[in-house]
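Peer 1: Protein chains in written order, with this note's numbering: chain F, 1 to 503; chain P, 504 to 876; chain Y, 877 to 1151.
Check each hint, because a few of them may be wrong.
Quick list of in silico lysine-lysine cross-link-like pairs, DSSO-like style, CA-CA up to 30 Å [as the list claims (entries may be wrong)]:
id, chain 1, residue 1, chain 2, residue 2
1, Y, Lys1009, F, Lys345
2, Y, Lys1076, Y, Lys1093
3, Y, Lys998, F, Lys345
4, Y, Lys1030, Y, Lys1051
5, Y, Lys1030, F, Lys345
6, P, Lys846, F, Lys275
7, Y, Lys884, Y, Lys1051
8, Y, Lys950, Y, Lys1009
9, Y, Lys1076, Y, Lys1030
10, Y, Lys1051, F, Lys345
11, Y, Lys999, F, Lys345
Label-pair ranges, simulated between beta-carbon atoms [as the list claims (entries may be wrong)]:
id, chain 1, residue 1, chain 2, residue 2, range
12, Y, Thr896, P, Phe742, 37 to 45 Å
13, F, Glu333, P, Asn683, 53 to 61 Å
14, Y, Gly1082, P, Leu536, 53 to 61 Å
15, F, Ile217, P, Thr865, 30 to 38 Å
16, Y, Glu1080, F, Leu334, 25 to 33 Å
17, F, Leu257, P, Leu545, 18 to 26 Å
Computed footprint of chain P on chain F, listed as stretches where at least three residues anywhere in the stretch have a Cβ under 8 Å from a Cβ of chain P [said to hold, decoys possible]:
id, region
18, 226-234
19, 247-261
20, 374-386
Calculated directly from the structure, the hints in this document are not laboratory data. Just so it is clear, CB atoms sit at the ideal spot from N, CA and C, and this is done for glycine as well.
What follows is the residue order along each chain.
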Amino acid sequence: MNPRIRAGLAGGIFGALITLISVDQVVYLAGMLAGTTAGMMVAYMEPQKKWLDGLRQGIQAGLLGGLFIVIAKLLRAILINPLIGDSTDLGGQFMLGLNGLVIATIISAIFAVIATLPRPQDLIGRYAMVAILTLIYPWIDQYFQYRFMGEVIPVLVFVLMALGLNIVVGYAGLLDLGYAAFFAIGAYATAMVASPHFGISLSFWLVIWIAAAVAAIFGVILGAPTLPLRGDYLAIVTLGFGEIVPIAATNLDTFSLSILGFKVIDNINLTGGPKGINPINRPYLPGIGAFQSSQPIPWYYLILIIMIFSIFFILRLRNSRLGRAWTAMREDELAAEAMGINIVKTKLLAFSMGATFSGFAGAFYGSYISAIFPESFRFEVSVMLLCMVILGGMGNIPGVILGGLLIQFADRLFLPQLSNMMQSIISSPQVQLPSSLSFLHELSFASDFRLLLFGITLVVMMLLRPEGLIPSERQRMELHADEEPVVEQQQTEVYTARNQETV
Amino acid sequence: MATQTVDTSTTGRNIPWGLIGRISLVVFFVLFLAVPLWNTILEMIANPQLLLRQLIIGLTNGAYISLIALGYTLVYGIVELINFAHGDVYMIGAFMSLTLIGLFGLQAATPPEVRYPLMLLILVITMAFTATLNVGIERFAYRRLRTVSRLAPLISAIGVSFILQNVGLLWGYLRFPALNGVMGSNAVAPKSFPNLLPTQNLLEPLQAVFGEGFRVRFTGKDLIMIGTAVVLLGALYFFVQRTKLGKAMRATAQDRDAAALMGINVNRTISLAFLLGGALAGAAGMLVGLYNGTAVFNMGFKAGLFSFTAAVLGGIGNITGAMLGGLLIGLIAALSDQYINAKWTNAVIFGILVLILVFRPTGLLGENVQQKA
Amino acid sequence: MSENLLLKATGIVKQFGGLTAVNNVDFNIPRGSITSLIGPNGAGKTTFFNMITGLYVPTSGTIVFDGEEIQGLKPDAVTTRGIGRTFQNIRLFAHMTALENVLVGQHCRLHASLLGILALTKKVREEEAAAHKRAQELLEYVGLGRSRANELSKNLPYGDQRRLEIARALATNPKLLLLDEPTAGMNPQETDDLTRLMRKVRDELGITVLLIEHDMKVVMGISEHITVLDHGAKIAEGSPEEIRNNEQVIEAYLGRGAAAHGKGGRQTAATGLRT
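Just chain F, with the same shape it has in the complex:
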């Protein structure tokens, strides 16, 4: 298929899905996302040298994507809006759709033109563009009154954790099924030193480092017993730890310790039990004051800053001797050892580095929701994080971020919106359900199809595209080598590209 059609289709379907399930103003957001998708994809699949070609290509893809938004808007106006009592004014809806189309086209064109710049500039331009969209998002959100910020922030927390898990799974090749444990440890460490629970109230800016350090130490402690294990055994042991940590958190509300039968510690409430610890102190900045849950913008920028720093550090690790040791170990442990790599040290560093970023995430999350419960760190969380890493492309930072955003947004925004819409359709007076379908009333689409969605993602990705949506450079090179005879130049390019990214 023509790359422009493919890019337009991908962006368009994405935008249309969003448009279909959401209210009027979201069409601008749908346009932005569709345009970004189409523009990035078309430039990636069909690189152009001249800016005019890029412009043409970007406009074509963007127009096609936008067209889907218009159609989706009209479909909604005709089929859905009458049922749920939204606007049925076709002309007005069409204009809204057109707005979406224009935005999609412009953004797609910008991305496609940027991609025609010579090598370093195009990357800088692309990242700058993404950065701008990310930075101004709070104002878009506020202006159009989306009220998505409350969901966007936890999404970013999970993306941060996926980046940490990517170190363990993607770089070092250690399948960790209990990664949420480190999230829990970071969050509990935060709760213990920054809440009335023990009466200790350290500043958040200190606590976040303590949480990361504690998580890193636990990374080593829990990693050490798994050293001799390979592959699936490792996965099961990490899963075991991932289960033990929440169980301990639930049950350590009465903690007693006897040494040789003498009680040393008697009945201390360590973790707050099933109720968790609540409240947890908020960060405080002069000029802003203590962060409030009603004011999401400072939180948004805080998590963005944490993420940017994390990505920065992860890239450094990746391109250092340590990162190479991880990859080598993943490729062939025995050969790596024979090349002088200390496997024990390298594995433990992977576990503890991975845990560190989860510790950051835990500290932030705990203080953001101002409470923690053992139930938020179950196996499901670990698997969801794994899905995020696999969907985007193991070992590749943009891939992991993309995978994380997709899964998290689907889980936190798309599915709840969809279920809201379905509920209002089913309960509207125009719809008469036969009694055998009455159970549809109880069906909550958000929580009832989550597992199915993750499950299908995992299976389908493994079957069709085990390398993920955006495969890491290594895997991409491998695919190129299979398809095309002239590989040298491209590979050099890709390789230089990666070196540039780290600058």
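Chain F is fixed; fit chains P and Y onto it per the hints.
Peer 2: Okay, now just chains P and Y, sitting in the frame of chain F:
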């Protein structure tokens, strides 16, 4: 290129981690566990009836854990895959049998001469269903990945597990009149099985011997649970050890390529392993549903992990080992429920799993396989 | 004498369960030599090799390398002390580029600490730049030009993979280079090139080379010292000329009948096989 001086301080002699680990375990044991353990033993001796009761509970738990554990062991023995979805196949078995019970309109009041033949029929249908399901899962979700990498099928299996759990969740919405309301009123809530198994105490005559103080119960339910499990396990053992297909399975487990060269259809043998495992899991699902009286869509996760632990404890790939491991895990869980605290039992089982995998990954009956260099 | 020995193994025994793979072998590698370890299949060569490099721990005996006992050390510790190796069946890091493979080889010679890496100190940056430069040099040294540097190692032709393995081993800065059947599967032209490379490594870099090899032409052509193992025991030791005429060696390779005919018999047998 001059050779650099080697910094020996960073690469010092091998530190005897194994020894240090063992010593610290002993120290840990003496400091923290020895006294509570001694107290527990005293407690057990002080009240032998309680101990006996827990042992009976452990035995019945062990029966179904063994059934599920066999599915893990059979599959792992042949394709070296931890079939993560196996616990959920067991859950589907419970739901299937409950649905059939509803369809046939079985109730506690149904006369035994109708009830037991029908229950046997339901058992057979359930086993056939889960067996087919398991074979289908292998065919669609694992087979193509067998050659890709070791982790790809495992991740796929996790995906299947989630899909099955969701199927179980949606199953709870089925409210056809023909089902006689077995799915209750709430999709997520545990489903109730009717009391179809006899509950009279078979040890009542012993009261005449030991007097009124003898309170240990061993009911018809316990007997049916253990009896069915023993019959199925025996049949499986016979099948694998004595029949031609069983021999093919064992050959494939030893060396897949060599077996293929000997004219064994490897794909069919692998399917057979999934078939047998699925059937046993389905039977376990029905037995547990009837025994405990409930089934819930996420019951497979915990049962699966217990059974996997059992399989590893016995030595994964080893059929006798899985039975023994199931029994031990059942007993450990029952004792932990009573003497430690039920809320810590899961952690105890996971702790055992970790300890076995780390210190004796071959399990109790497994052979010591050297890592290939 | 022992001053001139880079590696001195004494009384090495290795048992696997009841099977004795290597039985009481003494073995010396003179500093700066090219030494070969030969023997029929299953003679215990690779087992011996694996004990030197730390993959196996000898059941008994000592291995002294450069004045230090190394038996029982982990492979990475052995490598750090100055023994680099290649593998009989190539074990490159398949999804890393040729350059990265060589960079991994330098791992134990780089000193960047975790904090240094995260802060990207000047020292770390300089070390990385130097490592990249040296990796390029090594690739060129073994005859893989710059154009190959950024190709995934799995996409390299077979002969280049063998060379890359040698470059990777050289990157560990070895005093002793262990080559496990480096010419296996190569055509005569490639074999000649590789033989030249081995000699170059010794002559120019002063690295002692220990070779396991089946190709007698290579062994006889390049080695100064040959040790012959058979059934886990050392049956002969000496210069190529001595080995060529050693009755026991011929017997081990060709059976009792051939030994009776001495050197002539061996040639007959060999020609007999060819026709």
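Peer 1: Against each hint, give a clear statement of whether it holds in the structure.
Peer 2: We went through each hint and held it up to the structure:
At most 30 Å may separate the alpha-carbon atoms for a hinted pair to count; Y/Lys1009 and F/Lys345 meet this at roughly 27 Å. With a CA separation close to 18 Å, the supplied pair Y/Lys1076 and Y/Lys1093 stays within the 30 Å bound. For the proposed pair Y/Lys998 and F/Lys345, the alpha carbon gap of about 24 Å is at most 30 Å, so the pair holds. At roughly 28 Å between alpha-carbon atoms, Y/Lys1030 and Y/Lys1051 fall within 30 Å of each other, so this suggested pair holds.
As the CA atoms of Y/Lys1030 and F/Lys345 are separated by approximately 27 Å, the hinted pair is consistent with the 30 Å bound. Of the pairs offered as hints, the one joining P/Lys846 and F/Lys275 holds, with about 15 Å between alpha carbons and a cut-off of 30 Å not exceeded. Between Y/Lys884 and Y/Lys1051 the CA atoms are separated by roughly 14 Å; this keeps the pair inside 30 Å, and the hint holds. For the suggested pair Y/Lys950 and Y/Lys1009, the alpha carbons sit about 29 Å apart, so the restraint of at most 30 Å is met.
For a cut-off of 30 Å, the pair hint linking Y/Lys1076 to Y/Lys1030 stands: about 26 Å separates their Cα positions. Restraint check: the Cα-Cα separation between Y/Lys1051 and F/Lys345 comes to about 25 Å, which is no more than 30 Å; the hinted pair holds. Restraint check: the Cα-Cα separation between Y/Lys999 and F/Lys345 comes to about 22 Å, which is no more than 30 Å; the hinted pair holds. For Y/Thr896 and P/Phe742, the Cβ-Cβ distance of about 41 Å falls inside the hinted range of 37 to 45 Å, so the restraint holds.
The hint said 53 to 61 Å for the Cβ distance between F/Glu333 and P/Asn683, and at roughly 57 Å that hint holds. Judged by the Cβ atoms, the range 53 to 61 Å given for Y/Gly1082 and P/Leu536 holds: they are separated by roughly 58 Å. The hinted range of 30 to 38 Å is satisfied by F/Ile217 and P/Thr865, whose Cβ atoms lie roughly 31 Å apart. For Y/Glu1080 and F/Leu334, the Cβ-Cβ distance of about 30 Å falls inside the hinted range of 25 to 33 Å, so the restraint holds.
Distance hint check: the CB atoms of F/Leu257 and P/Leu545 are about 21 Å apart, consistent with the given range 18 to 26 Å. With a cut-off of 8 Å between beta carbons, the region 226-234 of chain F has 6 residues touching chain P; three or more are needed, and the interface restraint holds. Figure legend: the region 247-261 of chain F, annotated as covered by chain P; annotation consistent (9 residues with Cβ-Cβ distances under 8 Å, at least 3 required). Counting residues of the region 374-386 of chain F whose beta carbon lies closer than 8 Å to any beta carbon of chain P gives 3, which meets the minimum of three for the stated coverage.
Checked against the numbered hints above, the structure violates none of them.
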